[in-house]
Amino acid sequence: MKCIHPPLNEEDTRKLRAGDEVKIDGTIYAARDAAHKRMIESLRKGDPLPFNPDGQIIYYVGPCPAPPGRVIGSAGPTTSGRMDAYAPDLIALGLRAMIGKGERSAEVAASMERHGAVYLATFGGAGAYLAKCIVKVETVAYPELGPEALLKMEVRDFPCLVAIDAQGNSLYQEVREKRGGR
Amino acid sequence: MRTLHVDEITQAIARAVVDANTHLPEDVLRALASALERETSPRGRRFLQVIIENADLAATEGLALCQDTGMVVVDLEVGQEVLLVGGDLMEAVNRGIKQGYELGFFRRSVVKDPFSRINTGDNTPAILHTSIIPGEGVRMRVLPKGAGSENMGRVGMLKPSQGLDGVKDFVLQAVWEAGGNPCPPLIVGVGVGGNMEKAALLSKKALLRPLDQRHSHAEMADLENQLRERINELGIGPQGLGGDTTALAVNIETYPTHIACLPVAVNLGCHSTRRVCVEL
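Top to bottom, those sequences are chains F and E. For the first sequence, position 113 (counting from the first letter as 1) is numbered 577 according to the working numbering, and the numbering increases by one without interruption. For the second sequence, position 53 (counting from the first letter as 1) is numbered 50 according to the working numbering, and the numbering increases by one without interruption.
Here chain E stands alone, though its shape is the one from the complex (with noise of 0.2 Å):
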């Protein structure tokens, strides 16, 4: 059995909020640097240069990469031979957000409540899921989501005759009628399968996988593959106004499911999709 003190996450959360919204991930920035050589269209061109400029800025300034830095989701994996102790998790979770977005001058982005809608003032709560690994390992994922691209989401609970194509098609149809809000090029992440809850959750977490893996399974990942080119024809491109540049990657997590579901949810990454992964 191991011991882990609560504080350690607090300060691991600190910091990593704080290299997050400042550090455009290295994965991206390959990513946006490629689709530049790609790219035909003018306006889509200069705009990939801009943000490509802008995440030089950010780490080099100290500066948030975007004034959305997000509702902060951490994906949480525990060891079950860890014991954590000396507090609260989710208090010691919004309590490394609270110092951190004090700490990087980041913009606090949370109601209270959906109605009410007062500011809470420290960026918290987070969005925290935890689920149970086996051993001694702590991983934490976090993801400070920004509102324009979450906001495009979307579930759909397809009937199972409408299949594969059914769900190249809500996917589609996602990204389309999205169009230039959610800030493309985008990372596309999609769940399948599961329930409701389980493939919005999938769609989360397809969005954490860096952008040059694809997915373990040969067809799923050629599935990747083709959307991504789909996607790419829709022509949309960079702040849609144009261009060949409409995702920089479509990211598939799926799961089993109920002999009369087949759930699919998109969860949209805008090109300043900023993850962290910390080992503790």
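Isolated chain F (complex conformation) (with noise of 0.2 Å):
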């Protein structure tokens, strides 16, 4: 079990190979659908990101409101697929990692190759047992998106999987290929 503490940097994530389990430990940010189409519409039109992606690790997230006496509600993954129009233009700008589950585009697999990046599976459904490896939320931007705001949150020992790793290795291809297609 390896512990990952963001920032990243290339080295880092060039060392992870599909399969690995590790811990994140530190500062990740949240954003899923809404969030990542306005921080595109921003690159597009000139404008600065509310945080700098260099490094940084996004989890695809869209958590439940934190009942009294916590920090967040329950908050597992969402389907990363969603995202990989956004994706790219993120990990060009140095974004790290991406967290969340199912599969990923070949453009999204390959711009990770070029750039460094990589892609962790956490446990989709399992939105209860990892909010307790959130320790503290605070919102970043666009908050009038309610579930949808870019968050930034401190996690500890946040479990995840190398499920694409930055040499173009990939679980979910290698079981495809293992059934060899229907």
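Just so you know, the hints here were simulated from the structure itself, not pulled from any lab data. You may find that some hints are simply not true.
[Stated by the list, open to error] Quick look at which bits of chain F chain E covers, simulated, 3 or more residues with Cβ under 8 Å:
| no. | region |
| --- | --- |
| 1 | 517 to 529 |
| 2 | 535 to 541 |
| 3 | 558 to 567 |
| 4 | 585 to 592 |
| 5 | 608 to 616 |
| 6 | 627 to 636 |
[Unchecked claim] Simulated pairs of lysine-lysine, DSSO-like, Cα-Cα distance not exceeding 27 Å:
| no. | chain 1 | residue 1 | chain 2 | residue 2 |
| --- | --- | --- | --- | --- |
| 7 | F | 479 | F | 466 |
| 8 | E | 109 | F | 501 |
| 9 | E | 165 | F | 642 |
| 10 | E | 95 | E | 202 |
[As the list claims (entries may be wrong)] Computed far set for chain E versus chain F, every beta-carbon distance over 12 Å:
| no. | residue |
| --- | --- |
| 11 | 88 |
| 12 | 210 |
| 13 | 221 |
For each residue, glycine too, the CB sits at the ideal point set by N, CA and C.
Using the supplied hints, reconstruct the complex from the two chains, each of which is provided in its own coordinate frame.
Dropping the structure here:
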């Protein structure tokens, strides 16, 4: 089990291999569909992003509101494929890792290989379990998007699996090739 | 004639959405436990252990099982001898959802319009399916349906010549292409027959049937078992990361259809398929 502490550099992420189990300790950013759309619109207009993605990790999540006495509600990963249209632009700016569930497009994998980023899978549908690893939450931008606001999270021992590495290896592809397609 | 105040429906919906979002149905828990006994992939086993632990944690701490607390599907059957009084039924249902989602601190995941995409802020409206049944009973089945699995559903208007094999291929292809996205192990709802919207609705209703209950017709029950086995042979596994458990169950519902039609719909339910049935 490797422990990773963002911010990460290219050397860190290029060392990771598909199949490695990792735990994240430190600050990550949470964004899903609507926040990504806004960020990419800003980039297109030449406006600054609400945070610098260089070296950072984005967790694809739209959490439940925090019940009293908790920092966050249930907070598991959403389907990453919906962010495929937006991810390459952020990876080109130095985004080092994305956390989510499900496969990524060939374009995203190619962009990860080119720039040295990794895709981490975590437990889809285990929102109550994963919420225990989130110790602090702060809204960075787009509060009007409600569950889709851009958040900054402090995580402890957040469990992930390297699903696609920066060499182009993909666990999803391995699974599919093993069965030789349908 | 029986009279039922719609406030009772509001209260029942509010309770049902809280219960559904925090407690996995017993039959789903049993299916997960038995999948864990059979699963041979270490990664698959680990994932099944985590989702069982997650269900336990959600129930004991009153947390949502999944942050995607869904768009609420309500299948409401009202006896034709029942008179609903005290207000608009749809408003009563939506009021129940609003109350339940506030009470449970659940995510509001509904947008007002598919294009402007502004959040409604209270997880309403419901997707309400009503049917009139004989008698004085009122039965409500509530399914907060997550979008990761919903997005992977599909409808096909097959040719009658494609027959049973065509239907099997359509279901297998849908599950194969969905891969890890719908959060397998899945509950696969299949609707066959009717017309386009009927097949889709049957596939959703198929998800409401408990997993330990096979189709009442032996042939269809066989087809359900056969499809489940073939889906599990695909090797997609929990999370799409490989393993023996891709489907916990396949539930099929059928309906008469037109001489020219063979509609088939697949509605996928994730491993956290949350449903509550209430009789009023």
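Output the indices of the hints that this structure fails to meet, ascending.
Every hint satisfied by this model.
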